[in-house]
Amino acid sequence: MNFGQKEKYLIFRKIFLLRMFLQVIQGLLVQQQKSSRLNC
1 MNFGQKEKYL IFRKIFLLRM FLQVIQGLLV QQQKSSRLNC
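Under full-length UniProt numbering, residues 1 to 40 are what the sequence shown spells out, in order.
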């Protein structure tokens, strides 16, 4: 089970991008909730 440096890097980058993507979605959801509260 000896990964090359490139495979490790690609996996790490995928995880990093996925986490950033989730953070962005969370931020958008929070903004929507705040704006919907203001509308009430």
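These aren't lab readings, by the way, just hints derived from the structure by calculation.
Do not take every clue at face value.
Claimed, not checked - Ranges of calculated distance between the beta carbons of each label pair, as one might list FRET restraints:
hint : residue 1 : residue 2 : range
1    : Q5        : L38       : 45 to 53 Å
2    : K14       : R37       : 32 to 40 Å
3    : K14       : K34       : 39 to 47 Å
4    : Q5        : S35       : 43 to 51 Å
5    : K34       : G4        : 25 to 33 Å
6    : S36       : E7        : 28 to 36 Å
7    : S35       : E7        : 24 to 32 Å
8    : R37       : K6        : 42 to 50 Å
9    : S36       : K6        : 24 to 32 Å
Just so you know, these numbers come straight off a predicted model, no measurement behind them.
Note that CB positions come from ideal geometry on N, CA and C, so glycine has one too.
Check the structure against each numbered hint from earlier and tell me which ones fail, lowest number first.
Failing hints, ascending: 3, 5, 6, 7 and 9.
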